[in-house]
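Peer 1: Next come the chains, spelled out residue by residue.
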Amino acid sequence: GTIKIGGTWPLGDITGKQGSMAAQQAVDEINAAGGILGRQLELIVVDDELKADKGAAAVEKLVTVDKVDVLMGGMASGVALGQIPAMKKYGKIVLATGAASYKVEEALGSDANWYFHLHPWDYNQGASYAQGWDEIQQKYSAVKIKKIFLAYEEGAFGKASWDATKTLFGAGGRYVVDGASFKSAALGGGDYGSMLEVAKEFKPDLFLWAGYDADALPMLEQAKAMRFTPKIYLGAPPGWPVGFGTSKLSENVMLYGMWAPSINEVSATSKKFYDGFVKKYKTEPATYFAPLSYSAVYIYADAVKLAGTTETQAVIKALEATKYASPLGQTISFTASNIIKHQGIKNQKILQWQNGRMEVIWPFESMTAKPVYPFPKWK
Amino acid sequence: MILDVKKLETGYGKLQVLRGIDLSVGKESVGLFGPNGAGKTTLINAIMGIVKPWKGSIEFEGAQIGNLPTHMVARAGIALVPQERELFPGLSVADNLELGAAYVPRGKDIIPKQLEIVLTLFPILKERYKQFVGTMSGGQQRMVAIGRALMANPSLLILDEPSLGLQPSIVAEVFDRLSILKKEIAILVTEQNVRESLKAIDRGYVIENGAVVLEDTAEGLAKNPHVVSAYLGI
Amino acid sequence: MKLKGSYIAVVAAAAIVIAFPAFLGAYPLNVARSVMTYMALAISWDMLLRSGQISFGIAGLFGLGSYASALAVLRGGMNPFASVLFAAAFAALVAFALGFAILRLRAMYFSITTLALMEIFRIVMQNLHDFSGGPEGVVLPKIIFDGYSPALYWLCLGGLFLTIGVSWYFEKSKMHLALTAIRNDETSARSNGVNIFKYLLIAFVATSALQGMMGAIQVQSYGFTTPDTAFDANFLMLPMAMALLGGIHSTIGPMAGAVLLGIASEWLKLKIPYGHLVVYGVIIILVILFMPQGLFGLARKAMRNRRKAGANNE
Amino acid sequence: MANKRNATLVVVLIIVAVAAILVWRPTVLINGIQAAGLYASIAIPMGLILGIVHIVNLAHGEFMMVAAYVTYMLCIATGIDPFLAMLPVALVTAVFGFVVYKLTIKQALKSPELNQLILTFGIGISLTQVANLIFTSQTRKISFDYVSASVDIGDLSFGVFKFVYIVIAVLMVVGLRLFLTRTTTGKAALAVGQNPRGAAIVGIDVDKTYGFVFALASALLGMMGAVFITTSSIFPAVGSPFTMKSFCLIAMAGIGNIPGILGASILLGVSENFLKAFRATRGWADIVFFVLIITVILGRSIKGKKA
Amino acid sequence: MSKLETVGLTKSFSGLVAVKDVSFHMDEGEILGIIGPNGAGKTTFIHLVSGILMPTSGSITFKGRDITYAPAHVRSRIGIARTYQLIHPLENLKVIENVMVGAVFSKDKSLKAARKSAEAICAELELDGLNRDTTQLSILEIKKMEIARALANEPEVLFLDEVMAGLNSDETKQVIATVQRIARERKMAVGVVEHVMGVIRELTERVIVLEAGELIAEGPYETVSKDPRVVEAYLGGAA
Ligand SMILES: Nc1ncnc2c1ncn2[C@@H]1O[C@H](COP(=O)(O)OP(=O)(O)OP(=O)(O)O)[C@@H](O)[C@H]1O
Ligand SMILES: Nc1ncnc2c1ncn2[C@@H]1O[C@H](COP(=O)(O)OP(=O)(O)OP(=O)(O)O)[C@@H](O)[C@H]1O
Ligand SMILES: [Mg+2]
Ligand SMILES: [Mg+2]
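Residue numbers (the numbering used here), protein chains in the order written: chain A, 1 to 379; chain B, 1 to 234; chain C, 1 to 314; chain D, 1 to 307; chain E, 1 to 239.
The hints are simulated quantities; they were obtained by calculation from the structure and are not laboratory data.
Just so you know, these numbers come straight off a predicted model, no measurement behind them.
Idealized CB from N, CA, C, for every residue including glycine.
Do not take every clue at face value.
[Said to hold, decoys possible] Derived lysine to any residue pairs resembling SDA-like cross-links, with alpha carbons at most 20 angstroms apart:
1. K20(E) / I124(B)
2. K198(C) / I78(E)
3. K183(B) / A211(B)
4. K199(B) / A172(B)
5. K110(D) / E91(E)
6. K130(B) / L16(E)
7. K166(A) / R227(A)
8. K208(D) / F135(D)
9. K52(B) / Y146(D)
10. K172(C) / S110(E)
11. K67(A) / L93(C)
12. K226(E) / R201(E)
13. K142(C) / G76(C)
14. K198(C) / G76(C)
[As the list claims (entries may be wrong)] Have a look at the derived ranges for each label pair, beta carbon to beta carbon:
15. A211(B) / D66(E): 55 to 65 angstroms
16. T135(E) / G62(B): 54 to 64 angstroms
17. G134(B) / S57(E): 19 to 29 angstroms
18. L178(D) / K172(C): 47 to 57 angstroms
19. T246(A) / L178(D): 34 to 44 angstroms
Isolated chain A, as found in the complex:
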């Protein structure tokens, strides 16, 4: 029979929708190349609807009804928390493409050796950025950062970013950190005035906002109206609006991320993934969840090949030996994080919008352009 992969993503959201599409793309590619161990792969996707109970039911169904060999997917931490009891019960291999919150790791506990977390934890991300800015400042002497301001949305994502930023940048007195929350436009907010006022008063060298794509342009517009011009204007949303690069305001805005089409230039896998995706679906991958989910399928397929079986313990062993040159422009392997044993990606990328494209400026090994600094003052 086929090797069955069970996927749960929020199919109504662009992240999950394209994540599941990219996973299907990988499955098709592998099947076209003859499958694994002479068997074809089959992807069964169930929508988690961004709800914990639905996500849990999806896991129960995939395991007990469809009898899948492996589970993958995921985006929101809240859903992952709901799924974990069911996952624990069955001990099936899980390749998680989402769930950044450290709470998820707490809920998993240290025994969950079947859980392979591809997506970095929130604290991994923070540490990675701290490292990134250190290295950038060393390399480009013009870049000097002392004061960092974080604007964070009121929800779990923003709050986690704020906690991580405070501890990672605030410690040791290297940086002066301040922050203010705002209500994301994605949740009916969209007024950044009072937050920007605080930011402007603080006169940060680096202004970072952690929100959603809906906040990207309106925040820039309001910042411009208030003549707020930090040296670095940096955003960390999970995705960007359609055609953000075509806006004049986008020029030289920096961003945190994992993937951009420009990585095609430095990674052959990325190019293969990108071209395949566009050809198959006639649209661009909009967020990193697509290449990440694509990677999850390949990582599992490689492990099964290596193990020569789909038997759980053998595959876990094989997965521990993973070295996958992913479309994210970096090689993925699993090492321990704070609690769990199998953490995949730990570092992020720093990118910059230049001429309508997202260019990687750090890490230097996958760099596609030099940073433009400072962020140009408004005309």
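Mind docking chains B, C, D and E with the ligands on chain A? Use the hints.
Peer 2: Frame of chain A; chains B, C, D and E with the ligands shown alone:
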């Protein structure tokens, strides 16, 4: 004949109320009597297009109106004082009266003249011109309802128990007014206050159990023993 | 005679439902839990609706119950089972206190106020970072019954049975007269000795306790809660839609509606992975347009017609 | 009655405004009024429908979302400015509102209000999800230079473009007030709202009036949706938070009190921004919205009891 | 001894004084007529006495107990019942349940006992088809049902606000006879508001006349109906 109802049958849902009513009104005042639940209001609702006829026909000034929606019936020239009054509680007396005329043909032109008539008939309405109708007493609201229908200057005026809740002196005035009006327009009126209304009508029908059981002139009815015992006792 | 027959039917149905774990797998049990949770919320919402008050606070009390239970276990070291009772009592207490202020409100003003209260609960939980975990919520050290599916199912079923029982009592006792009178005509009710405030308060407190209890059962079964999951607007709108779909002002109606919508949503999702919610929305629209009385209303009508037809034949 | 309600709102409003200036945060007023304009101009069309057709349109925000997408597509396709698109979009949404009314809401008018509530909830889900299928959840936004128009007073620089919303709101209030109290059609609409059967009896076409009110409200909302895309990103769920906000504002003003909606919006906008101006209270800004609503509603009910 | 007494009872609605300084009393077993022009304040007066509205000033005592600000349901429980000028059926309850409400909540009867006494009252009023929905009733039946519901409260004082309005004379006579009989049997004080003078003449021993909120005349109908003020303000030429 201004109104001609032939073999009318209708009811609510599956419940049949009218079982073949024949009735006509010319330039005169016609009374409609009958016990509770006989179907008087139902007949009026059918004429107004509030309930649809099942069988039979309703002709008004030579045209079939049986299937017209209510607002078209009103615009054709029939004004109604409903039993339940059906006023606009959150609008003032002024607005309630104005709306009585606003949607009938040429209604806007006659507003001042009709207003004069109504306010003379019910002086209290002039005093309470800006009061919300919802806060008025039962009888005052009845006056607004009668006034609103008069505003339209209709060719057929239908009054469903106009005296309900009115003080005796005003009841008398209303019927006086109807006696004058009947020279110009057709009037169809239902009443439990038969004694008073007989003074104002030319002819009358007695309806029982959804059918006409008696039709006679006002004098004829006043002498009819059945009418005397059932309707003129008090 | 007839009464006896329906008792037997109810007991038989209950027995079958209790025995479900014997022949159903983990997945159907999980779906059933979700359906039962919504069912209990729908019934409890309907119980207050019988007085004419449309509460928009279901999700608020559900969420409050979730947090009360989770925090009692986490911060107070309470036994998980005790925490379910504690949550119900806590929700009842909150409802009792709030009831004095808000039960004088009617119609849309009552609805909006309950909605606003729900938002306030959510914002408070979101902002009390140290106590309630803030936006990221709290994770329990372990879930009840170690996640054993049948046990979780029975726990949820217990909550549901209790809800049905209370609702049934509301239907059969003088609560029925009181609530219906209040709904139909308060003035008339008052003039006939109905202490409106007292009965509204009883109904509000009882339904709030049930909603809080279901929230606690949910949190103990999943082992975590966050403001977004605890106060999810779905816990507000779906129970309402279910009750309406099945037929309001009854116990059986919301039950039927919950089964129908709950299973339909799961089934649609599997059949139409992308875009099932469009169909879901359309189903709601169509049912309201073509079955304004709900399933139960339809059945009632059919029964009445049959009885009439029978009577005519005699 | 309505005037009294407004008077209360005005008094509270003045107190809050004075307090804001006292602590010398002029931006509290600026941001507050800008936010208020947006709230009010979205809520007013809903208030119109609620006041006359007595329907709580839970798809209200979704109607605006549709208008926003229509505007977006139009602007992308033709390159015109959203302000120019206002009229064609209003036309489209008027037709859209009318069709939705005819196909669905009209059929449920005789049912209890709860049916209408759930019906419009279903319409809302369907609209959001259709938009999600067509456009995905990824947001869209066109940038316009004028949105960042700015004024400097001393050290203070602030955006002025968003004042456009308060202008729109005021125009709506004045226009609707004139329409409802001075024109026969307006009075007829009120009459239909209070007693449809009575309205039919005097010759008012009830169905047409409902359809008209729906179309009018949708047109207003459509214009609003067109302007909305200048300052806000759009995505399928963009409208839904505004449904609840609008509903709350209307309740605060009292049903049928359209000027009150504007007053309530200003009160809320300013108070919200007042809390946002301080670090300690920033996270609680949302709560003020709901606390105020409850306070005002309860306050009114107590006063109503006494009267 | 007076059952019910008011002293200086006044109610104003933002300026408009609907009931003005009314002092009156009602005695055991008497049937009192309350008449007066439209808008005179009769309904408002009953609202005040039954607790649906609270007075602006003045006091109300029932069997010596001050009840000026007692809530409506309390007054119903201690023995004041009423009907409404506009009908108030509880349309989601069956006819019998409508009547039971009065017994269950005013007299704290069990459902069973309440059903029994409701059936008895309905039989007395010749109201049958007790398992019907109220929408199937004619006006006469609804009015009977509302009287039955008020009687199920087992009141000592009962107000009837235009209950005969809309009934024909046959039906009116029937209702009058029943009310008279029950009032006598139960020694109940009854206040009757009517515009049909025949009813007042038949039914009442004593009449009070309100005009513009004020009590302008009091006495047997025969005397009052000849009072020039009453004739002018109320009866017109019709008397
Ligand atoms: N909306 C309705 N739905 C169902 N049945 C109704 C409705 N309206 C009236 N009926 C029934 O139809 C019958 C006739 O009622 P109708 O109101 O026409 O009588 P009526 O002669 O006007 O009596 P009344 O003197 O009480 O006004 C009654 O038995 C009544 O119960
Ligand atoms: N809520 C209110 N607001 C303002 N005025 C009111 C209110 N309720 C009643 N009124 C006024 O008080 C006066 C007395 O009304 P009430 O209903 O008591 O009269 P009534 O004697 O019962 O008259 P009717 O015989 O017409 O029923 C009327 O003028 C009425 O307009
Ligand atoms: Mg009638
Ligand atoms: Mg009266």
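Peer 1: Would you mind marking each hint as holding or not holding in the structure?
Peer 2: Structure-based check of all given hints:
no., hint, result
1, K20(E) / I124(B), "holds, 19 angstroms"
2, K198(C) / I78(E), "holds, 18 angstroms"
3, K183(B) / A211(B), "violated, 28 angstroms"
4, K199(B) / A172(B), "holds, 10 angstroms"
5, K110(D) / E91(E), "holds, 16 angstroms"
6, K130(B) / L16(E), "holds, 13 angstroms"
7, K166(A) / R227(A), "violated, 26 angstroms"
8, K208(D) / F135(D), "violated, 34 angstroms"
9, K52(B) / Y146(D), "violated, 59 angstroms"
10, K172(C) / S110(E), "holds, 12 angstroms"
11, K67(A) / L93(C), "violated, 46 angstroms"
12, K226(E) / R201(E), "holds, 13 angstroms"
13, K142(C) / G76(C), "holds, 15 angstroms"
14, K198(C) / G76(C), "violated, 33 angstroms"
15, A211(B) / D66(E): 55 to 65 angstroms, "holds, 57 angstroms"
16, T135(E) / G62(B): 54 to 64 angstroms, "violated, 37 angstroms"
17, G134(B) / S57(E): 19 to 29 angstroms, "holds, 25 angstroms"
18, L178(D) / K172(C): 47 to 57 angstroms, "holds, 56 angstroms"
19, T246(A) / L178(D): 34 to 44 angstroms, "holds, 43 angstroms"
Checked against the numbered hints listed earlier, the structure breaks hints 3, 7, 8, 9, 11, 14 and 16; every other hint is satisfied.
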